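Number of protein chains: 2
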Amino acid sequence: MAQNQPNNDYLPSLKNQRGEWDEASDVVVIGSGFAGLAAAIEAHHAGASVIILEKMKAPGGNSIISDGGISAAGTALQKNFGINDSPDLMYSDMLKAGMGLNYPDLVREVANRSNEVFQWSIDYLGVEYLDRVDLFGGHSVPRCHAAKGITGSTIIKRQVAKVRELGMEIRLGVYFNNFIRDSDGRVIGVLVRDGYVYKNEESGTDNYIKANKAVILATGGFASDVAFRKAQDPRLSEKIDSTNKKFATAEALKEALRIGATPIHLCQIQLGPWTSPDEKGYGDGPLFADYIVFSYGIIIDPETGKRIVNELGDRRMISDKILNSGHPCIGIADLKAVEQSGWNIGRSLKKGVVRKFGTLQELASFYGIPGDELRMTVEKFNSYVFDKLDKEFGKPIIPKADPLLYPPFYGIRLWPKVHYTMGGVQINARAQVIDLNQEPIKGLYAAGEVTGGIHGACRLGGCSITDCFVFGRISGRNAANEKI
Amino acid sequence: MAQNQPNNDYLPSLKNQRGEWDEASDVVVIGSGFAGLAAAIEAHHAGASVIILEKMKAPGGNSIISDGGISAAGTALQKNFGINDSPDLMYSDMLKAGMGLNYPDLVREVANRSNEVFQWSIDYLGVEYLDRVDLFGGHSVPRCHAAKGITGSTIIKRQVAKVRELGMEIRLGVYFNNFIRDSDGRVIGVLVRDGYVYKNEESGTDNYIKANKAVILATGGFASDVAFRKAQDPRLSEKIDSTNKKFATAEALKEALRIGATPIHLCQIQLGPWTSPDEKGYGDGPLFADYIVFSYGIIIDPETGKRIVNELGDRRMISDKILNSGHPCIGIADLKAVEQSGWNIGRSLKKGVVRKFGTLQELASFYGIPGDELRMTVEKFNSYVFDKLDKEFGKPIIPKADPLLYPPFYGIRLWPKVHYTMGGVQINARAQVIDLNQEPIKGLYAAGEVTGGIHGACRLGGCSITDCFVFGRISGRNAANEKI
Numbered sequence: 001m002a003q004n005q006p007n008n009d010y011l012p013s014l015k016n017q018r019g020e021w022d023e024a025s026d027v028v029v030i031g032s033g034f035a036g037l038a039a040a041i042e043a044h045h046a047g048a049s050v051i052i053l054e055k056m057k058a059p060g061g062n063s064i065i066s067d068g069g070i071s072a073a074g075t076a077l078q079k080n081f082g083i084n085d086s087p088d089l090m091y092s093d094m095l096k097a098g099m100g101l102n103y104p105d106l107v108r109e110v111a112n113r114s115n116e117v118f119q120w121s122i123d124y125l126g127v128e129y130l131d132r133v134d135l136f137g138g139h140s141v142p143r144c145h146a147a148k149g150i151t152g153s154t155i156i157k158r159q160v161a162k163v164r165e166l167g168m169e170i171r172l173g174v175y176f177n178n179f180i181r182d183s184d185g186r187v188i189g190v191l192v193r194d195g196y197v198y199k200n201e202e203s204g205t206d207n208y209i210k211a212n213k214a215v216i217l218a219t220g221g222f223a224s225d226v227a228f229r230k231a232q233d234p235r236l237s238e239k240i241d242s243t244n245k246k247f248a249t250a251e252a253l254k255e256a257l258r259i260g261a262t263p264i265h266l267c268q269i270q271l272g273p274w275t276s277p278d279e280k281g282y283g284d285g286p287l288f289a290d291y292i293v294f295s296y297g298i299i300i301d302p303e304t305g306k307r308i309v310n311e312l313g314d315r316r317m318i319s320d321k322i323l324n325s326g327h328p329c330i331g332i333a334d335l336k337a338v339e340q341s342g343w344n345i346g347r348s349l350k351k352g353v354v355r356k357f358g359t360l361q362e363l364a365s366f367y368g369i370p371g372d373e374l375r376m377t378v379e380k381f382n383s384y385v386f387d388k389l390d391k392e393f394g395k396p397i398i399p400k401a402d403p404l405l406y407p408p409f410y411g412i413r414l415w416p417k418v419h420y421t422m423g424g425v426q427i428n429a430r431a432q433v434i435d436l437n438q439e440p441i442k443g444l445y446a447a448g449e450v451t452g453g454i455h456g457a458c459r460l461g462g463c464s465i466t467d468c469f470v471f472g473r474i475s476g477r478n479a480a481n482e483k484i
Numbered sequence: 001m002a003q004n005q006p007n008n009d010y011l012p013s014l015k016n017q018r019g020e021w022d023e024a025s026d027v028v029v030i031g032s033g034f035a036g037l038a039a040a041i042e043a044h045h046a047g048a049s050v051i052i053l054e055k056m057k058a059p060g061g062n063s064i065i066s067d068g069g070i071s072a073a074g075t076a077l078q079k080n081f082g083i084n085d086s087p088d089l090m091y092s093d094m095l096k097a098g099m100g101l102n103y104p105d106l107v108r109e110v111a112n113r114s115n116e117v118f119q120w121s122i123d124y125l126g127v128e129y130l131d132r133v134d135l136f137g138g139h140s141v142p143r144c145h146a147a148k149g150i151t152g153s154t155i156i157k158r159q160v161a162k163v164r165e166l167g168m169e170i171r172l173g174v175y176f177n178n179f180i181r182d183s184d185g186r187v188i189g190v191l192v193r194d195g196y197v198y199k200n201e202e203s204g205t206d207n208y209i210k211a212n213k214a215v216i217l218a219t220g221g222f223a224s225d226v227a228f229r230k231a232q233d234p235r236l237s238e239k240i241d242s243t244n245k246k247f248a249t250a251e252a253l254k255e256a257l258r259i260g261a262t263p264i265h266l267c268q269i270q271l272g273p274w275t276s277p278d279e280k281g282y283g284d285g286p287l288f289a290d291y292i293v294f295s296y297g298i299i300i301d302p303e304t305g306k307r308i309v310n311e312l313g314d315r316r317m318i319s320d321k322i323l324n325s326g327h328p329c330i331g332i333a334d335l336k337a338v339e340q341s342g343w344n345i346g347r348s349l350k351k352g353v354v355r356k357f358g359t360l361q362e363l364a365s366f367y368g369i370p371g372d373e374l375r376m377t378v379e380k381f382n383s384y385v386f387d388k389l390d391k392e393f394g395k396p397i398i399p400k401a402d403p404l405l406y407p408p409f410y411g412i413r414l415w416p417k418v419h420y421t422m423g424g425v426q427i428n429a430r431a432q433v434i435d436l437n438q439e440p441i442k443g444l445y446a447a448g449e450v451t452g453g454i455h456g457a458c459r460l461g462g463c464s465i466t467d468c469f470v471f472g473r474i475s476g477r478n479a480a481n482e483k484i
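Sequence lines, in order, name chains A and B.
At position 95 of the first sequence the residue is numbered 95 (our numbering), and the sequence of numbers has no breaks.
At position 149 of the second sequence the residue is numbered 149 (our numbering), and the sequence of numbers has no breaks.
Hints are computed from structural coordinates only; laboratory data are not their basis.
It should be emphasised that the depicted structure is a prediction, and the values quoted were computed from it without experimental measurement.
For each residue, glycine too, the CB sits at the ideal point set by N, CA and C.
Incorrect hints may have been included.
Calculated lysine-lysine pairs in the BS3-like style (CA-CA distance at most 27 Å, straight line) [stated by the list, open to error]:
id, chain 1, residue 1, chain 2, residue 2
1, B, K280, B, K321
2, A, K230, A, K199
3, B, K96, A, K321
4, A, K148, A, K350
5, B, K230, A, K442
6, A, K380, B, K391
7, A, K280, A, K351
8, A, K321, B, K321
9, B, K280, B, K239
10, A, K336, A, K380
11, B, K96, A, K239
12, B, K306, A, K96
13, B, K96, A, K96
14, A, K306, B, K96
15, A, K306, A, K388
16, A, K230, B, K96
17, B, K400, A, K96
18, A, K350, A, K245
19, A, K321, B, K391
20, B, K380, B, K391
21, A, K391, B, K391
22, A, K96, B, K442
23, A, K230, B, K442
24, B, K230, A, K96
25, B, K230, A, K230
26, A, K157, A, K57
27, B, K400, B, K356
28, A, K321, A, K356
29, A, K306, B, K391
30, B, K336, B, K79
31, B, K380, B, K306
Some but not every residue of chain A turned toward chain B, in silico, with C-beta under 10 Å [as the list claims (entries may be wrong)]:
id, residue
32, Q232
33, G260
34, I264
35, Q438
36, K442
Could you build the full structure based on these sequences and the hints that come with them?
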């Protein structure tokens, strides 16, 4: 009888063309974001020679525009602030937001190792964090640690420096074309195009790289791949913006699917509820919305003047409420909220994304909110703050929070943008990519946003960097020790 | 530069082995359920020679154990009962339940052609329906037409008779192994195994069948494929039963993914809320639960004695509520409800799946429900029936419904089972299978439960047969007219 053979189409194509490799390395890492660089570092320390490939002209992928927040449970910093947290609590928060679609064993790894990788980023990478811990929606306690500058580039810079210090080279402008496998289905190398010019699909010259041990896929998500995301969720057309870089596309993920990787949760696509239609991409508004409005303030439907949601609910909940209202909603905070948060919102004020008003009435008329309704809504909310109990939406009231009373008042228009793709290739706890028969694909590992199963229906804030570090490191170690 | 070639691994395997075909036909249909047989009939009328392949020893696939209910909008039968319905209303009901994940153009086809295919099943196939139209959860009006005997086999028998009358042969015990494509990526045939013995993966002899025009994939869903469904939703382990036949598995869907079909909504898996843990598979309980309890009665959490949901909500809503309670819930109806429904529940009573009680108190003590709580719940519900307004859950009260007052009272334990997989391969409105570059795969069509995108996050009751008829017929017509 005929067996269902693995897909070997790329092997003949190699043989046909030359029958030999241009170069070889123990481990080939595709992608130079949080996950890829963490993988390269661990593979190196496990004794492997490593080649890192990046399609763009600069390293860091989409990671450099993340806000650099990492969620970790039981950290020294949390203890300084008297925050009582545990891996078990983080685990249950992630499963709850994931609506049970997440893989418990993978969530376990992320939660249990969260403090370990956070400490690693400080001690080994030398990343510096602000002296604060933030509470994000869906987390039971403040758990998010912000890298200095509140940007992922702070972390990427340290990873790149470390990689170079270890003598590894990040190849820039190299386009991953496809995997090369042997007759057994094992991934034994990649066909790439050197000298690739972004968006010029014809550019670059073929380069066949042999992976003596394994290939690690760390190419990120597809939030900016309109065709691919729209196939999974028809609502996410070109009309909806993304917080990601334009190059956050699915071509490498699709190559993994072409060789039989199991696709997981591709239709679980996260919209960021803290973005503003008054600026492009991620922008500066989210700092105000996510760290100040959602924690201390309220989100108002301008047509009714009423709150619409628990502002500290998870991202899916808040995004859906705003989208379902059919129009941008208004995030509101006051002077005390901004002071309590400790954040500087100068940039977003200068841009006009966040606006300042002497009175609530002025804010109401600017955004076209019925003024009396808004006043009543704020009074009601203030009574909840006073009682430390939100009788309407059950928002957890932050202990140090004050009622919204102190001018100036600040407002932002909120409209969701595609932020993160929970879905991707299936992996196991060793970061091996799993095929359609639920067997590992020999010689292929994956880590970071290109994988699925860790966040299920909804990724919580700050959990992406944790995921990238945990599984990036696991994939690097295991790839270097791959038995041939 | 290297192009991302299509996967041609099966072509060499053909050449290597013999380089010639065993037989040929214009159209090859894989699967003999509602969709496959509808496709074969239309392909035949479009002038194509057709071979129908079925892996089991009998035709009909999982369709024969469906309850034979077909949802259609604007039918003569609806008009007889004074039901005011339209394709637009059916369209919006399907999109609402699908949570916007459905493809609007595909939903359009199903809703607009629903009455056409329903009438076709009567006039052309000779299917007989009961003189009634039922209201299912998520539908705005009664829209579900029940084939005589309340079973899909009534319909399948007519389809099989018609297929044979037209001189087409249904090959039984033929296992689909894989697609065969040319260097261009076009599907030009299939490798199957004749004489396959179910569950014996080694059985059968290779048979290479050339498809002069196209292959139609109509292999159904994967509700019984524990490994594949669990990869998409880890909660759906072997511990959760399925309403489907054991052979409702994913092997053919996986072959489509192996040649680059785009997977859509695979993690959207529907649990049936009307099943009982007191019998295996679909069983007899659902007739009582879905047609009587959900329409006229109530669902009670035995621990609280209170209702938990709008009993006419969609399947996802009700299943989640029961699952989240952590234990089976109790469906309750009375004599009048059974009489109003016009259904005979003798079989489920005989089985002991549905139980009869002289008083509510007896029912309460049998199921361990706090009696006073239950009495209060029923009184409250009866006042809603009287006012025609459910103040708690907004359940639409059926005009002819009576309060729950008339003994005997009937009860059933409810616990969800995996019922339907909304996800599958992506198709366009011509039923062509779409690849990862969002281009049609030449020579490959698909219809029915193996496709994704039509029902989104939740399929409404009775919409599966409509879908199978509409896209089965579209795929048959277009496959027969495929330009080579």
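Evaluated hints:
no.: 1; hint: B/K280 x B/K321; in the structure: 22 Å, holds
no.: 2; hint: A/K230 x A/K199; in the structure: 20 Å, holds
no.: 3; hint: B/K96 x A/K321; in the structure: 15 Å, holds
no.: 4; hint: A/K148 x A/K350; in the structure: 21 Å, holds
no.: 5; hint: B/K230 x A/K442; in the structure: 22 Å, holds
no.: 6; hint: A/K380 x B/K391; in the structure: 25 Å, holds
no.: 7; hint: A/K280 x A/K351; in the structure: 11 Å, holds
no.: 8; hint: A/K321 x B/K321; in the structure: 21 Å, holds
no.: 9; hint: B/K280 x B/K239; in the structure: 13 Å, holds
no.: 10; hint: A/K336 x A/K380; in the structure: 18 Å, holds
no.: 11; hint: B/K96 x A/K239; in the structure: 21 Å, holds
no.: 12; hint: B/K306 x A/K96; in the structure: 25 Å, holds
no.: 13; hint: B/K96 x A/K96; in the structure: 24 Å, holds
no.: 14; hint: A/K306 x B/K96; in the structure: 25 Å, holds
no.: 15; hint: A/K306 x A/K388; in the structure: 19 Å, holds
no.: 16; hint: A/K230 x B/K96; in the structure: 18 Å, holds
no.: 17; hint: B/K400 x A/K96; in the structure: 41 Å, violated
no.: 18; hint: A/K350 x A/K245; in the structure: 23 Å, holds
no.: 19; hint: A/K321 x B/K391; in the structure: 23 Å, holds
no.: 20; hint: B/K380 x B/K391; in the structure: 9 Å, holds
no.: 21; hint: A/K391 x B/K391; in the structure: 20 Å, holds
no.: 22; hint: A/K96 x B/K442; in the structure: 42 Å, violated
no.: 23; hint: A/K230 x B/K442; in the structure: 22 Å, holds
no.: 24; hint: B/K230 x A/K96; in the structure: 18 Å, holds
no.: 25; hint: B/K230 x A/K230; in the structure: 25 Å, holds
no.: 26; hint: A/K157 x A/K57; in the structure: 15 Å, holds
no.: 27; hint: B/K400 x B/K356; in the structure: 23 Å, holds
no.: 28; hint: A/K321 x A/K356; in the structure: 25 Å, holds
no.: 29; hint: A/K306 x B/K391; in the structure: 23 Å, holds
no.: 30; hint: B/K336 x B/K79; in the structure: 25 Å, holds
no.: 31; hint: B/K380 x B/K306; in the structure: 10 Å, holds
no.: 32; hint: Q232; in the structure: 7 Å, holds
no.: 33; hint: G260; in the structure: 6 Å, holds
no.: 34; hint: I264; in the structure: 7 Å, holds
no.: 35; hint: Q438; in the structure: 5 Å, holds
no.: 36; hint: K442; in the structure: 16 Å, violated
Hint violations for this structure: numbers 17, 22 and 36, all remaining hints satisfied.
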